[in-house]
Amino acid sequence: MDNSTRLQYLEAMGIDVWVPRKPAPVVNQTESGSTSEYLIQEPQVQDNTQQTWAELEAEVAGCTKCALCQTRTQTVFGTGNKTADWMIIGEAPGQHEDEQGKPFVGKAGALLTEMLRAVGLDRDDVFITNILKCRPPGNRDPKPDEAESCSTYLQQQRALVKPKIILAVGRIAAQTLLNTDAPIGKLRGKVHELDGTPLVVVYHPAYLLRSLLEKRKAWQDLQLAVKTVNQSGN
Numbered sequence: 195m196d197n198s199t200r201l202q203y204l205e206a207m208g209i210d211v212w213v214p215r216k217p218a219p220v221v222n223q224t225e226s227g228s229t230s231e232y233l234i235q236e237p238q239v240q241d242n243t244q245q246t247w248a249e250l251e252a253e254v255a256g257c258t259k260c261a262l263c264q265t266r267t268q269t270v271f272g273t274g275n276k277t278a279d280w281m282i283i284g285e286a287p288g289q290h291e292d293e294q295g296k297p298f299v300g301k302a303g304a305l306l307t308e309m310l311r312a313v314g315l316d317r318d319d320v321f322i323t324n325i326l327k328c329r330p331p332g333n334r335d336p337k338p339d340e341a342e343s344c345s346t347y348l349q350q351q352r353a354l355v356k357p358k359i360i361l362a363v364g365r366i367a368a369q370t371l372l373n374t375d376a377p378i379g380k381l382r383g384k385v386h387e388l389d390g391t392p393l394v395v396v397y398h399p400a401y402l403l404r405s406l407l408e409k410r411k412a413w414q415d416l417q418l419a420v421k422t423v424n425q426s427g428n
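Count along the sequence shown from 1, add 194, and you get the number used in this note's numbering.
Note that these hints are calculated values from the structure, not bench results.
Hints may be right or wrong, so weigh each one.
[To be verified] Label pairs and their calculated CB-CB ranges: (1) 334 to 301: 15 to 21 Å; (2) 406 to 384: 21 to 27 Å; (3) 379 to 318: 15 to 21 Å; (4) 410 to 376: 19 to 25 Å; (5) 345 to 401: 21 to 27 Å; (6) 252 to 385: 32 to 38 Å; (7) 425 to 337: 35 to 41 Å; (8) 404 to 268: 41 to 47 Å; (9) 342 to 314: 34 to 40 Å; (10) 406 to 356: 34 to 40 Å; (11) 318 to 417: 38 to 44 Å; (12) 346 to 406: 34 to 40 Å.
Ideal placement from N, C-alpha and C gives every residue a C-beta, glycine not left out.
Full structure from sequences and hints, please.
Written as C-alpha cells, this is what we have:
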C-alpha cells in the first residue's frame, strides 16, 4: 500500500496523528546467580509452549471434522505473536487466505494492517486468526456447524495466547464469539467479556472499504480497545 492510499484510509477514519509502534524494550542481563538461573530455564519453557502450538497447528492442518476439508486448498491457522496482548479474530479465510495460508491478506488485510499501525501496533505484535480455519466455498458465510467444528481450536488458541483483549472483526465473528444474533451496530461501541477476557467488536475491513461513513466508528472502536488494554494495568 503506497503512502497516498494509506493517508486516505487514515483520514477517512478520522485519524489525525500517526502513532509509531513502540520499540521493543531492551533487557539488560545481570551477573547475579539468580538471574542467570532464570535465563537458563527460560528457553525450556518457551520450547514446551512452541511444541504445544506445533501440535495444535498439525491437528488443524489434518482436520476433517466438516465438509470444508474437501474444498480447501489448505488450512489457515493464524499468524503473529503467540503471547500477544491483542488477539484479532475474523470470520473465515477468503480466496487469497486459502491460497497463501495466512489470515487477512489482500486489500482488507492491508486496511487491517493500517488500522493496527494507527494505534501503534504491528501485525507481529498481535495474533490474528479466524473463527473458521478453512475457506467456505464462494466466500459464503460460515455455517453454525462449521463454526462449532472449529470452536475447540479457537478455544485452545485463546488459552495459549492469553490475550488482554480480543478484537472481534466483523458481524459473524462477533455474533459467534458472543453467542448472539444481535446486529453488529448494537454490539460495537462497548466492551464485552469472553471467558474473563475483554472483547471489543469492530467492523470488518472488507466492509469498511465499501462504507466510508463507518470508518470513523471503526477508529472509535480501536481507541476503545486501546483504552481497555491500558486500564487492565499490566
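To see whether the hints hold, each was checked on the structure:
{"no.": "1", "hint": "334 to 301: 15 to 21 Å", "in the structure": "19 Å, holds"}
{"no.": "2", "hint": "406 to 384: 21 to 27 Å", "in the structure": "23 Å, holds"}
{"no.": "3", "hint": "379 to 318: 15 to 21 Å", "in the structure": "32 Å, violated"}
{"no.": "4", "hint": "410 to 376: 19 to 25 Å", "in the structure": "21 Å, holds"}
{"no.": "5", "hint": "345 to 401: 21 to 27 Å", "in the structure": "24 Å, holds"}
{"no.": "6", "hint": "252 to 385: 32 to 38 Å", "in the structure": "35 Å, holds"}
{"no.": "7", "hint": "425 to 337: 35 to 41 Å", "in the structure": "37 Å, holds"}
{"no.": "8", "hint": "404 to 268: 41 to 47 Å", "in the structure": "28 Å, violated"}
{"no.": "9", "hint": "342 to 314: 34 to 40 Å", "in the structure": "36 Å, holds"}
{"no.": "10", "hint": "406 to 356: 34 to 40 Å", "in the structure": "36 Å, holds"}
{"no.": "11", "hint": "318 to 417: 38 to 44 Å", "in the structure": "22 Å, violated"}
{"no.": "12", "hint": "346 to 406: 34 to 40 Å", "in the structure": "38 Å, holds"}
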